[in-house]
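S.K.: Listed here are the chains, written in short residue letters.
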Amino acid sequence: MKLVIDHVSKQYGSKVWALRNFSLELGPGVVGLLGPNGAGKSTLMSILATITRATEGSVVWNGTNIANNPDALRFVLGYLPQDFGVYPNLNPVEFLEYLAAVKGLDAAASRRRIDELLNLVNLTEARKRPLGGFSGGMKQRVGIAQALLNDPELLIVDEPTAGLDPEERVRFRNLLSDLSGERIVILSTHIVSDIEATATDIVLISKGALVAHASPEELLRQVEGKVWEWVVPSAEMNAAKQKYLISSTMRRSDGVHVRVLATEAPEGAQPVIASLEDAYLYQLANHRAEGTA
Amino acid sequence: MKNAHVLYHMVKADLLERVRRYGYLLTLLFTLFMAYGVYTGQLAYQFEGHRGVYNSAWLGCEMALVTTVFLTLFGFYVVKNTIQRDRETRVGQILASTPMSKSFYTVAKALSNFAVLTTMILVLALAALAMQLLHAENRHIYLWLLLSPIMAFGLTALAVTAALAVLFETLPGLRSGLGNVVYFFIWISLLIAGARPLDQNRPVTTGRYFADFSGIVSISSQMQAIVRHLDPQYNGGVALGVAFNADRLSAKRFLWTGLAWNPAMVLSRLMWLMIAAAIALLASLFFDRFDPARGWQFAMRKTKAQSPIENFEAAVNLPEQVVLPAHLTPLVHTSSGHKLRFIHLVRSELRLMLKGLRWWYLVAAGLLIAEFVAPLAAAHGSVLVAAWIWPILIWSQMGSRENRYATRSLIFSSPHALYRQLPAVWTAGIVVALATGSGVGIRLLLTGNLHAFAGWLVAAAFIPSLAIACGVWSGNSKLFEAIYTVWWYIGPLNHLPALDFMGTTPASDHTPVYLFLTMGLLAASLFGRRVRLAYA
Numbered sequence: 007m008k009l010v011i012d013h014v015s016k017q018y019g020s021k022v023w024a025l026r027n028f029s030l031e032l033g034p035g036v037v038g039l040l041g042p043n044g045a046g047k048s049t050l051m052s053i054l055a056t057i058t059r060a061t062e063g064s065v066v067w068n069g070t071n072i073a074n075n076p077d078a079l080r081f082v083l084g085y086l087p088q089d090f091g092v093y094p095n096l097n098p099v100e101f102l103e104y105l106a107a108v109k110g111l112d113a114a115a116s117r118r119r120i121d122e123l124l125n126l127v128n129l130t131e132a133r134k135r136p137l138g139g140f141s142g143g144m145k146q147r148v149g150i151a152q153a154l155l156n157d158p159e160l161l162i163v164d165e166p167t168a169g170l171d172p173e174e175r176v177r178f179r180n181l182l183s184d185l186s187g188e189r190i191v192i193l194s195t196h197i198v199s200d201i202e203a204t205a206t207d208i209v210l211i212s213k214g215a216l217v218a219h220a221s222p223e224e225l226l227r228q229v230e231g232k233v234w235e236w237v238v239p240s241a242e243m244n245a246a247k248q249k250y251l252i253s254s255t256m257r258r259s260d261g262v263h264v265r266v267l268a269t270e271a272p273e274g275a276q277p278v279i280a281s282l283e284d285a286y287l288y289q290l291a292n293h294r295a296e297g298t299a
Numbered sequence: 036m037k038n039a040h041v042l043y044h045m046v047k048a049d050l051l052e053r054v055r056r057y058g059y060l061l062t063l064l065f066t067l068f069m070a071y072g073v074y075t076g077q078l079a080y081q082f083e084g085h086r087g088v089y090n091s092a093w094l095g096c097e098m099a100l101v102t103t104v105f106l107t108l109f110g111f112y113v114v115k116n117t118i119q120r121d122r123e124t125r126v127g128q129i130l131a132s133t134p135m136s137k138s139f140y141t142v143a144k145a146l147s148n149f150a151v152l153t154t155m156i157l158v159l160a161l162a163a164l165a166m167q168l169l170h171a172e173n174r175h176i177y178l179w180l181l182l183s184p185i186m187a188f189g190l191t192a193l194a195v196t197a198a199l200a201v202l203f204e205t206l207p208g209l210r211s212g213l214g215n216v217v218y219f220f221i222w223i224s225l226l227i228a229g230a231r232p233l234d235q236n237r238p239v240t241t242g243r244y245f246a247d248f249s250g251i252v253s254i255s256s257q258m259q260a261i262v263r264h265l266d267p268q269y270n271g272g273v274a275l276g277v278a279f280n281a282d283r284l285s286a287k288r289f290l291w292t293g294l295a296w297n298p299a300m301v302l303s304r305l306m307w308l309m310i311a312a313a314i315a316l317l318a319s320l321f322f323d324r325f326d327p328a329r330g331w332q333f334a335m336r337k338t339k340a341q342s343p344i345e346n347f348e349a350a351v352n353l354p355e356q357v358v359l360p361a362h363l364t365p366l367v368h369t370s371s372g373h374k375l376r377f378i379h380l381v382r383s384e385l386r387l388m389l390k391g392l393r394w395w396y397l398v399a400a401g402l403l404i405a406e407f408v409a410p411l412a413a414a415h416g417s418v419l420v421a422a423w424i425w426p427i428l429i430w431s432q433m434g435s436r437e438n439r440y441a442t443r444s445l446i447f448s449s450p451h452a453l454y455r456q457l458p459a460v461w462t463a464g465i466v467v468a469l470a471t472g473s474g475v476g477i478r479l480l481l482t483g484n485l486h487a488f489a490g491w492l493v494a495a496a497f498i499p500s501l502a503i504a505c506g507v508w509s510g511n512s513k514l515f516e517a518i519y520t521v522w523w524y525i526g527p528l529n530h531l532p533a534l535d536f537m538g539t540t541p542a543s544d545h546t547p548v549y550l551f552l553t554m555g556l557l558a559a560s561l562f563g564r565r566v567r568l569a570y571a
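Keeping their order, the protein sequence lines are chains A and B. Its first residue numbered 7, the first sequence is counted upward by one per residue in our numbering. Its first residue numbered 36, the second sequence is counted upward by one per residue in our numbering.
No lab work stands behind these hints, which were simulated from the structure alone. Virtual Cβ for every residue (Gly too), placed ideally from N, Cα, C. Warning: the hint list may mix true and false statements.
[Claimed, not checked] Here are the simulated distance ranges between beta carbons: (1) M7/A / D326/B: 24 to 30 Å; (2) H263/A / K390/B: 53 to 59 Å; (3) E52/B / H13/A: 35 to 41 Å; (4) V237/A / Q128/B: 55 to 61 Å; (5) W425/B / E202/A: 35 to 41 Å; (6) N43/A / K47/B: 26 to 32 Å; (7) K134/A / L411/B: 43 to 49 Å; (8) P172/A / Q128/B: 38 to 44 Å; (9) L60/B / Q17/A: 45 to 51 Å; (10) D326/B / H263/A: 28 to 34 Å; (11) G401/B / E62/A: 56 to 62 Å; (12) L316/B / D184/A: 33 to 39 Å; (13) E52/B / H196/A: 43 to 49 Å.
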C-alpha cells in the first residue's frame, strides 16, 4: 500500500500557487499534516481526494496514476472534507445509505456497517432524527461516519475535530489510532495536540512547500536542548518578543513565564522538555528564515 | 443621515458581491441577447404588420416594454437570492447581531435587487441608442424621448419585481422553488389584467392606467390611435413577443413622435413605486432575522414530541470517561453486479428526491386517479398537463442538489461519479415522470394508441433531461423552474404545437424532435458535469 505524491503543483488563476513542487511518499500509518492557515493543506487534500486536478506532477496510488484511473483510488478512499453539507430531510441512516449506494457498496453489507458506524460516532440515539436539526458537532460525526463507510484503505480527514466537544475529540483520536493498522490515514489539522495523540509521521507544510517529513520523535530530537522557560518582567516582554522565538506565554505574579526557542539560553532561563508544538514552530521559523535568506 | 450612510454601504456591498460573480456576466449577456432579438426583429412589437420608424421615441417605448414584460420575469429569478446568500455565507448572522431593524434590512435588500436590475436596464438603453444608429432610419437622437419611457415604465416595474423577490425570500413557503413557479403566475396575471383594455377597442379610462403594470396600455393605446388613422383595416391588434418568422423590416411603418404624458400615467407609475416600497416593508414582517431555530422549528417540535429530553446534544453524548474502543466489522463485498448496484443507487436517489414531501403525494395520487377515470381525451390533455407540472420542484433539484447542499466533495470523490451517479439521478427523474403520468400511459397502451404512447414516453424522458441539464449547467434549481414553467404554460397548457412536448395538442407531432432534444440534453448534462469534475 503506497501513495506517492510526485512533484505536485497547483496554481489558482495566473499568479497564486497553492502548492509548489510537493513530493511525498506515504505507507500505512497516521500521517499528521500540519501547517499554518493558507499553507496549502486543503488543496493537497482535495487533490488526493480526486476533487481537484494538480496543475503539475502526479499522484500515484499503488502504482496507478490517479489522473489516468481515479476510480482505482476512489473505491478505497474515505474522505472527510473541511466543509461539507448534508441533506436536511434525511436522517443519518438514510444519508449514509445514500452515500453507500453512491460509493457502490452492497445494500446488505452497508446496512450493518452503518449501524456500527453510528454507534462508533455516538449517534445511535439520533438515528431517526432529520439531519437538518443537527448541531455542527453532530453533523461532523456524520461526516466521520461517511468517511469510514467503505472501509477505506486511504482515509483523508481535513480538520476532523472542528466543532467536536472535548470528549468527542478524544473519542475520534482513539478511533483514528485504532483504525490505522493496515491503511494510510492523512490527518490535516492545525491543532497540534490532535497530531500528538495519533500521528506516526508528521508532514509540515508552509506556503505550498514541504518543510519536513519525519516521525514525531525525530522532530522533537531536533529541538531538544533548545526550549527554555524564562520569567520576564511585563515591561520587558516586547524586547523579548523581538529577540527570541516565543512558543507560549503565561502571566504569573512574578512576571510573564515565557517559553522560548533558542540555541543559547537567555539569561536566567531554565531548560524544559520540548513539545511537538515547539518543534512545529521551530521548523516553521527555520523555513521562513531560509526563505528570507 | 446615518441611516442613509448604512443603506448606501449595504446596497454597495451587495451590488459589488453580485456583479463580481460569473453569473452576472451571463445575465448581462442574456440582456444583450434580448436587445439583439429586438434589433433583428425576432423580439417584435407590432400592430398587425405596422411598426414605428426606428427613431428615439419608438425605440425608447419598445425597450421600455421589453423591460417591463420580459425583464420583470427573468430579472426576478436573477435577484431572488440575496437573503439566501447572506444565509449561506453566514453574513446574515453577523448583520442580525447589529442594531439594524428588520424593515431596514428588507428595504436595503430590495434596493440592492433594484440596483442590479437597473444595470440591466442601462444595458438595454445603450442598446436602444446603438440600434437607432445602426438601423439609420432616423439618426436624430432625442435622449428624453429615448430614455423617459424606459425609466418611467421600466424602473417602476422592476422596483416591484425587486421588492417581490425580497418578499418571496422571507416567506418560508415561497423561498424555495415553489416561489419561482408562483411568481410566474403572478407575473402573467399582472400582464394579462393590465393589458385587457387593449382588446376591447375602447378609449382607456383613468382607472385602467393604474392597473397597467407593464405600461403596455399607456404606450400602445396612443400608438393604436395613429395606426387606426393610417389603416382603416386595422382591428386593434397589438403583439409583443417572439416572432420566429417576422420580416420586420418590411412591415408598414408609421411615425411615432413620443408619448403624450397625462397625469394618470404619471400617478400610476408613482403608485407602482409606492407598491414596491410597501412590499419591501411587508417583507420585514415575515423576515426571520436569520434565526436558525425558526427554520427548523417544525423538525424540533417533532423531536420534542418524540423525546422529553430538552438538551438533545447532551442526551446522545455518553457519560464522561466512557470511551468505547473502535470496532468495525471488515466490509465484505458480495458479488452483486453493477446492474444491481445501479438499481440500488436509483432507489436511493428516488428516496432522496421524495423525502420530506407530505401533501405532495395526496395531490399526485388524486391526479393519477383522474388520469385513469377521466375520458381519455381529457386525461391525455388537461389532467396530464396538471400531473406533469406537479413534480416540478422534485425535478428542479436534479443536477444541482450537490451544489445546494454542499455535498459535492462527498459525491464527486466517489467511484463513477460521472457515469453512474448522474445517470442514476436522470433515471430517478424519469421514474417520477412515468409514475405520475402512468394513468395516461397505460390507457394509451391499452387502447392501442402507440403513436401517442411514444410521445408520452418521450415526454417522460424529456422533462427530467431538461431538468438535469439546467441543474448541472446553472448549479441551481431556478433555471429549470423558470424555463419549464414558461414552456409548460405556452406549449401544453396554451396548445402551441411546436412547444407542446407532451403531445396533448392534436396538431402537435414532434416526438422525434423531442427525442433528439432529450438525447442532446442528456449529453449536455454529462458534458457539463464532466467539465466540473477533476476526473471523469
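S.K.: All hints, please: hold or fail.
M.R.: Going through the hints against the structure:
{"no.": "1", "hint": "M7/A / D326/B: 24 to 30 Å", "result": "violated (49 Å)"}
{"no.": "2", "hint": "H263/A / K390/B: 53 to 59 Å", "result": "holds (56 Å)"}
{"no.": "3", "hint": "E52/B / H13/A: 35 to 41 Å", "result": "holds (37 Å)"}
{"no.": "4", "hint": "V237/A / Q128/B: 55 to 61 Å", "result": "violated (43 Å)"}
{"no.": "5", "hint": "W425/B / E202/A: 35 to 41 Å", "result": "violated (57 Å)"}
{"no.": "6", "hint": "N43/A / K47/B: 26 to 32 Å", "result": "holds (29 Å)"}
{"no.": "7", "hint": "K134/A / L411/B: 43 to 49 Å", "result": "holds (44 Å)"}
{"no.": "8", "hint": "P172/A / Q128/B: 38 to 44 Å", "result": "violated (25 Å)"}
{"no.": "9", "hint": "L60/B / Q17/A: 45 to 51 Å", "result": "violated (23 Å)"}
{"no.": "10", "hint": "D326/B / H263/A: 28 to 34 Å", "result": "violated (44 Å)"}
{"no.": "11", "hint": "G401/B / E62/A: 56 to 62 Å", "result": "holds (60 Å)"}
{"no.": "12", "hint": "L316/B / D184/A: 33 to 39 Å", "result": "violated (59 Å)"}
{"no.": "13", "hint": "E52/B / H196/A: 43 to 49 Å", "result": "violated (28 Å)"}
The structure is inconsistent with the numbered hints 1, 4, 5, 8, 9, 10, 12, 13, although it conforms to all the rest.
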